[in-house]
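Asks: Go ahead and model the full structure; you've got the sequences and the hints to work with.
Chain by chain, the residues:
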Amino acid sequence: MKKQFNILRIICLIILASPLGLAWLPVDVFKNIVPSSFVESGYFHSLFLSFRELSITLAATMLFAMLLSVMLGYVSVLSMHVGRGFANVLNAVESIPAILVALFCYAPVSGYLARHSSSASTTMSLLVFVLAATVTTLPEAVRSIAIPLTDLYNQKYSLSFRSYGFTKKRILTVLMNTALMRNTLKRVAAGILLKTLVLDCSFGFIIQLGFGSYGTPAHLSPGALIAAHRDALFEGGTPILFWLPSVMLITISVAFLLMLNDRREENA
Amino acid sequence: MTPISLHRFSIHLGQRVLLRNCDFSIEAGSSTVIMGPTGTGKSVFLKSIAGILPTKIFSFEGDMQVNGFNAYSAGRKLDFRAWSQIEQSGLMFVPAETAQVMNPSLTLDQNLALLAPGCKAVIEKRLNEYFSLDFEAFARLYPDEVSGGEMQRITLMILLSRSGNFILLDEPTVNLDRNLRKHFVDFLNKEILAAKDKTFLMVSHDLDFIRKLTLDQAYMLKEGDIERLESLPEMEGYEKPEAKKGATGTAIELQDVSQTYFKRGIFGERTFTAFKGLNLVFERSTIYGITGPSGCGKSSTIKAILRLMDGTKGRILMEGSDLVALKPGETGSDPASFKPFRRRMTVVQQDSRFSFFPDLSIRESFEQIAAAGSAGTLEELTANLEKVGLTSAHLDAYPQSLSSGEMKRVDIARALTAKPDILLLDEPFAHIDFETRLHVMKAISEYLAVHATILVVVTHEDFDLRYFVEKSYDFPELVGQFTKE
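These protein sequence lines are chains W and Z, in that order.
Take the first sequence: its letters are residues 1 to 268, numbered as in the numbering used here.
Take the second sequence: its letters are residues 1 to 485, numbered as in the numbering used here.
Here are the simulated distance ranges between beta carbons:
#1 ALA393(Z) to THR167(W): 28 to 36 Å
#2 ASN6(W) to ARG363(Z): 25 to 33 Å
#3 PRO239(W) to PRO117(Z): 40 to 48 Å
#4 SER202(W) to ASP144(Z): 35 to 43 Å
In silico DSS-like cross-links for lysine-lysine, where the CA-CA straight-line distance does not exceed 30 Å:
#5 LYS168(W) to LYS186(W)
#6 LYS442(Z) to LYS156(W)
#7 LYS190(Z) to LYS120(Z)
#8 LYS339(Z) to LYS156(W)
#9 LYS419(Z) to LYS169(W)
#10 LYS442(Z) to LYS387(Z)
#11 LYS156(W) to LYS182(Z)
#12 LYS419(Z) to LYS156(W)
#13 LYS419(Z) to LYS471(Z)
#14 LYS156(W) to LYS276(Z)
#15 LYS196(Z) to LYS125(Z)
#16 LYS168(W) to LYS276(Z)
#17 LYS222(Z) to LYS212(Z)
#18 LYS168(W) to LYS339(Z)
#19 LYS387(Z) to LYS156(W)
#20 LYS156(W) to LYS56(Z)
#21 LYS120(Z) to LYS156(W)
#22 LYS471(Z) to LYS313(Z)
#23 LYS182(Z) to LYS120(Z)
#24 LYS168(W) to LYS419(Z)
#25 LYS471(Z) to LYS442(Z)
#26 LYS186(W) to LYS3(W)
#27 LYS182(Z) to LYS196(Z)
#28 LYS339(Z) to LYS419(Z)
#29 LYS168(W) to LYS313(Z)
#30 LYS186(W) to LYS56(Z)
#31 LYS56(Z) to LYS3(W)
#32 LYS182(Z) to LYS125(Z)
#33 LYS186(W) to LYS77(Z)
#34 LYS313(Z) to LYS169(W)
#35 LYS169(W) to LYS339(Z)
#36 LYS222(Z) to LYS77(Z)
#37 LYS156(W) to LYS313(Z)
#38 LYS169(W) to LYS156(W)
#39 LYS77(Z) to LYS3(W)
It is worth saying that the hints were derived from the structure and are not from the lab.
For every residue, glycine included, the Cβ atom is placed at its ideal position computed from N, Cα and C.
Replies: Right, dumping it as structure tokens:
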């Protein structure tokens, strides 16, 4: 029964997160499903591009932020002095709203973005956004790894394992590979994805409202698409232009929330 | 409403039957204890009533009703909604390792607000009255800043002061020293058992403790069956195991040792002195016992000898070498000059579940431990497991599938297999029933007869002092007045 429930859960997660994968299919695939006038419109093209860019942003941020979080979390527990230093810096970063961090990160490259071609500008914009998203997600991610790891080491395993002659470094490496820490890392990854998704869309929304299609940075995002078609809700508009990306974003968010809430039954 | 009713209920752990076709019920307002040998499944039974046994590891048969609600039906554990109803009906489970219920990232005050909302005043009063503990002094501390004994007292009081009508209490005396145990008996008799407004179901192996409680009935769980006892078993017939001694001579000398540690406070970290002016000599082939109230520094002394603490001052001499000078602080690795001493020391820590890798079997863990140093061979471990009343089958078990008492014995067997020169045992017999305890004591005494070892036992229990320890020290007397800076 439990196995069937788990399979059902995984299927649900795949369905909910599917917009990120479907965006990479050739547009022609949808010609038989969706009215051709809609498929051939610029909106459909923008929808695909925005979700493609979102999936790249999410994947890149998750990989980069997870790598940094695991490293910083591990080092923080390994050395209390280093850990305290990191904690002070990360606490300071956390006190600044994420959207301001993102805007701040764009400031040094705004000239480059304005001067260069569309593809170079998009690549740079993506890199800067991944950096900004990583910075904003890092404090919580590092804390989420360091707290259970510290607890496992200091409260539980350090006395015995150190007395066997294992070094702290080796004990922490072993503990990082335990089922408990693997589940923690999975939840941290889901948290990073969710936070990045929210930041990406709100940032895209604000950039679209502030600069329209002429401004920099060239941040293609479902949030920007929603902002661009916010008038669709008014009389005479086509509400689906607003609701389609909105609903897709909601389903992806629900998938990440489900992953975040995946707390496996702990052993007695 | 019957608080607990079992109909042909069974609990299986793999092939092992822990409870067999059991029909059992208790009346509302009654007080009951379930006794039984270590590893027989007492705690597992209690946890099945609390609904916290993982169905991935344990399987069930038959029916169980808790507080009038179906909890298990035809061997199937009911869903979250059904268990929520049971929780809300007044079920209160108090685990043996009470400290585990505390969230490590919250202060004790925040934990209290989460676990027992609206009960702070009564908890403060009871802690003060029965355990002489001022909760306000601990309120802003985090769980890792409080000693095991203090934590046990605070969490016990928090968990037992919640509002509810059915208390499940699992081995409550494990970390309580002798003095506090008396106060805890007073507390249970006066505040919990006297009013008879709550149903009380406890599992314990501690006969001394059980005898002092005003309980209505006692049961024995043995080999999967629960049998009602007409009277409590007598403690007569226990004989102190005899073993001939190896070589003698001074082995470890503590000279003017003091231990400080850091505590977080609202104005940053502060230095606290756990103890100072400790002068002590441990000779070989003698079983030394260290007793004293919780939090007085007994476990810190063990850690200081093992050189796993910062802030140790004074001299710890072993064969002319000062261990403090060789390793002044704990940096996560040992200097080369200290490594020969490390190989000669073994500890059995308070909670033996954390002496083996969490996701590996005992056999796999032991192979890794053996690879790290001189831990002995698998054959020697198997022989020692048999001496402490276990079998080679336990080698393939995982830590989470063994009871606390079984883990303790596996850990002691592991420690003896390492053939240590210095054997430090921190509450080594907690969770082990008295009969099994004597087998374990005999195994240690036999080891001592062959190896002239320095053996130090930190213990709270009268039984250990009476039947095992040869020379006991009261820790507060050794270090004079308990001081804080």
